[in-house]
Each structure stands twice: as C-alpha cells, then as structure tokens.
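Asker: Spelled out from the first residue to the last, the chains are:
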Amino acid sequence: MIDASRFPGAPRYGLLVLPAGILFAPFYAAMTLIGAISFVEYPALRDGIINITLNNYELALLDSFNFEVLLRTIRLGLVVGALSAVLATPMAYGIARASRRDLQLTLILLTIIPFLVNALVRVFALTTVLGREGFLNFVLVNIRIVDRPSSFLRSEFAVVMGQTYFVVPFAILIITALMAKLNENIEHAASTLGAGPWQVFFKVTLPRLYPAIFSAGLIGYALSVSAFVVPLILGGDQYKMYSNLIFDQVAFRGDFGRAAAMAVVLLIVSVALAELLRLAVRRIAGR
Amino acid sequence: MPTVLALRAIAKRYGSIDALTGIDLDVESGSFVSLLGPSGCGKTTLLRIIAGILLPDSGEVLLSGRQVTNDPPFARNLSMVFQDYALFPHMNVFDNVAFGIRMRGSVEDKKRITQRVSEVLELVQLGAFATRQISELSGGQQQRIAIARALAPRPTLLLMDEPLSNLDAKVRDEMRSELKDIQRKAAVTTVYVTHDQEEALALSDRIVVMSHGRIAQIGTAAEIYSAPRDRFVADFVGKANILEGQLTPDLRRIAITDKVVLELGEAAPGSTAAVAIRPEQIILSNTPQSAANSFTGIIQRETFVGAMTYAECDVCGIRLTLLSVNRIGNNQLRVGLRVYLTIPPAAIRPLPNTEFLTQRDRA
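Protein sequences, first through last, are from chains A and B. Position 203, counted from 1, in the first sequence is what my numbering calls 203; the numbers after and before it change by one each time, with no gaps. Position 184, counted from 1, in the second sequence is what my numbering calls 1184; the numbers after and before it change by one each time, with no gaps.
Facing chain B, from chain A, some residues (calculated, C-beta under 8 Å): (1) 183; (2) 185; (3) 186; (4) 188; (5) 190; (6) 192; (7) 193; (8) 194; (9) 196; (10) 199; (11) 207; (12) 208.
Hints are computed from structural coordinates only; laboratory data are not their basis. Built from N, CA and C at the ideal position, the CB exists for glycine as well.
Let the sequences and hints guide you as you build the complete structure.
Answerer: Below, the structure is given as structure tokens:
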C-alpha cells in the first residue's frame, strides 16, 4: 500500500489533523470530566466533601426501569438502523441510476431538504400525521382498516417512525455515494448472461452495496441510541429513551453524578454493540 | 452457413446527433466479425443494441431468424465481454463462470455445472484458478475469466467490446493470438468491437469499417486493405498515401500535379478524385528506372520501427510515405538520400469523390 499522505512534498501530517483536532479537544475534555463526575455522589460538596461512589452505576444499569429503557433504546437503534438502510437502498439505486441528470439532482435535493428544516418543526409535523385527528387515522378509518381513530403518539411505533424519518436521508446519501461509483457494466454483464431484473439486483447489485448499507445502518443506529428530541415529543412520558432519563436526572434532580454514569453506560453499551455487529458482519461477509 | 445475426436498417439518435444510420449487417454462424472504426463512430452503440442494453430508434435485430429488437438482454441467449471485464467482484472465479449457466437454468445438475466450468477454464488456460478471488487475478487473467464466463452458457452469439484495450502491449499481443484459438475451438459466432485496425486485420473473418454512424465498407481483411472503397477506409486501415488529382479524359491516368501524372492499372470510374497508394507498394531502386510511374525523390524524414524504416519522400513537391525492409544489403534510408522509385499502376487504388465531400463536410 502507498501511504498517500506521506509522499515527499505532502503537507505536514500534524497540520492536516490540527483543525478538526482543535474542534474535538474540548469534547474529549468534557467526556473525561463526565467520566470523573460519574463517580461522584450528589448533592456534592454538601459539607465541603466529595464522596466517591459506585452507586451511580448501580442505578444506571441495575435499576429495573433504567435497564428496561436501556434495552428499549438499543432496540430502537437496531430497528431504526435496519429500517432506514432497507428503505434507503431502493431510493439510492433510483438516484444513482436516474436516466437524466436533472431528475437525479431533483431527487438528491428532495432528500436533502428535510435537513434544512428545523428538527423540532419536523417532529411536530409528524404529530399531525400520527395524532388522533392525524392523516394516518384519516386514511385508516376511510379505507375501513380501523373503526375508530386512536392516537399513535406516545408509543414505540411513533418513536421508530419519527426517528426513521430523521435518519433515512443520511442513509440515502451514504448508499448513493457508493452506488454511483459501481460499474454499471457489471449489471449489463449479468443481464446478458440471462439474469432477469430482480436477479441482477439481488445477486449482483445488492451484494456490492452491502458495505454502504451496513455503514448507513450503523449511522442510523448511532443517531438513534442517542435520540432525544424525537422520543421527547413523540414518545412523551410513557415512552422515554435513555437520553431522556439522563436529561431528567439533570433537569429535575440536579444529579449530575447519576446523569454522567448513565451517559457513560449508554456510550459503552452502544459502542460495544456496534463493534460486535461490525465483527459479525465481517465474519459473514469474509467467509 | 446460416445467419446467426441480422441487422436491418438500424438507426439511433442521441439528441441531434445521428449515432447510427441505416445499419444492415448479416453475420454467419461461426464467423468472427469486427466492427472497426475511430472512437465516436457508433461501433459500441451498435454492439449494445445487438446485446439489448440499448434499444434502436428504428430497424430490426434478428437472432437466428428470431425477432429480438425489443427483447431485454437476458432473453437473447448471447454473452458479452466488456472492455473493463465487468467481473462480479463479490464472487470467486468459479461462481463468476457458473453464473450464466445457473441463470439460464437449463443445467440444474451440480456435477454438470462443475464440468462445464472446468471445461471453459481449461479453454482459457486457467484451469487451476476456480477457487481464486477476482481481486487476486492480473488484468490478463481477469480478461480470460471474462471470456470463460461469456462462453460457459454456450451463447449463440459472443459480443466483445474492445476486450484487449485495457491490457499491456505484451499481454495484448499474446491474448490476441489466443483469442482467435479460443473462438475457433469454441466455434462461437463473434462480433468484436475495436478501434485497433491491426487487431481487426489479425482476428477477423470479416471487417465492418464504420464511420460517423454508418458502415463505410464490409469485407475480408485483405479486401479492406487492398481495395478500400473510399478515402476514409484507405486512411483508417493501414498506412496510405492519399493523393488528390484530376482524371485524364481517357480515365487511364490521373494528374496529381503538372509534373506528377500517374498511370492507372485500368480505367478508373469517372467519379475518381483521388488515389490511395500503400507505402509497401512503392518500389525503391538505386538507379533511375524507365518503367511507368518512375520518379526521383529526396528523403525528408525517416522513422525506424525495427523490422523496417518508414520514410517521407519529396517527389516533385509531393510527399510520399514509403518503406524499406531493414535487411542486410538494403540501402539504409536516411534524410537527404536521393532515391529512385516506381509505383506499379496496379497498386494505385482509385477513390471516388463522394466520400471526399462528405468527409470534408463532417470535419
């Protein structure tokens, strides 16, 4: 392998990583501080003493409610990651293989526009779809799938919907980027060898998209395990995610110790699971 | 010989550009036909129309007499080899080669698939490579696998789109001779696209020379080379001196300038406005000659290419390219040398003026 960044005359390595490094440094400093605070019993400094404790972690993990919400959060991440990757793949295919350039640009623009709308506005817009008087109920009642409208809000369904809605554009852009680079002749070759359109897609196109589909799923997962706004509005009090519990500890109890411990737990559990998934996928793909 | 492929009045437009116009072609069973032309002449577009990857705007494609003009590629029972190989990178060599057999669905039996795959791998001399990954193969090996993959399902027609142009010069020469062997052994009707006239001359039973979306000439390699039908073909296939001139009223001589009047082998068509002379047809001597079309010239430039030397020679103000085989005893051509040359009348090929005008119009 040629190390492209090290050819004679290349910019100094340090300079290359410096700008982003400066940006990230306070983040890691803050994370270190959070790691430290997670062992502190609150209210701290009551008698000028700081008590070191593991109780915060006990509560974060072993409290049955917290544990249930942690599992629910991981589940949300997995479901949304998988769902958005699956939903995004045909769209990415459509964008990359659009017959005309202007159609391609229009589709990309339509994908990006949701990014330009404020996240809160987007989520509130969804409440008008999912609510008792919402569009979804209107459709379901009119095609007589349900007799009476009932609110879909404050449920796991609503949170999954909202979060997927939020994540799919990322997934589309990631998969489109790889799809656009794929050699179309490989599909033509499969077609001349007798493969019908579905066989070409499933046997030739899709397997080459797996790396991007997995990346898209992973990003969907990462964005969802840390979800805060969507569960706050669409899940409400009945359907909280782990981030909302962390917020509650800070906002209503002022217990930074517990909040910090819970943040650390969420970080470690979600990163460990992502890594496990990556290894599993590599083992399956590597054969 | 039955006709495997027939094209009838194929036309294709891209916007305001005529990519193909009035293409008629018959390809006989077992033959090797090349579509030869410069880039942009429509040869790849035509190949893709035959494959079904593109649809023509008008005209018909018939495979073994069956109308397939609007059929998708998978319903045509043909195979295509691509310039960039287009192998399936996520499958190993075996699965690549077996793909067509499995898709055609005619052979369900695992044993027979394995047998057929090793058969075609032997044919391309990569019998031991079945379990390799595509990324482990060199360019030449990848192209052999691409050929094996195309041959495995026993297609009625094999299409090849510049299959050698991505290879190094040395590998390309080896593959070129091997390709002909493979095609003969597999006895598969082949349509081959190339911009390389040497490749077309070496491989083809028949060559279809294309220019600006039209067929300029169809013929065997020898016919195309020795009897080009127009200026474009004469110029594109091989080297040629093309001299514009005026026919004498008896149609037996052509005046290039006042001083250079060439005697023709036989009466030329009245439309003749130029002649083509191949460099190797010009005879060089050390002494003045008295035969028809004998001139004196001065070498202006020489190009040594190993087996021979090409030279540009000034003959009464006309530039002629000629060549000399670099054999011991032959005079070495060098700049400033005075040479005596003779152009045998039979070696002068008259060219009609029709293509002239159109060539100029298009340029």
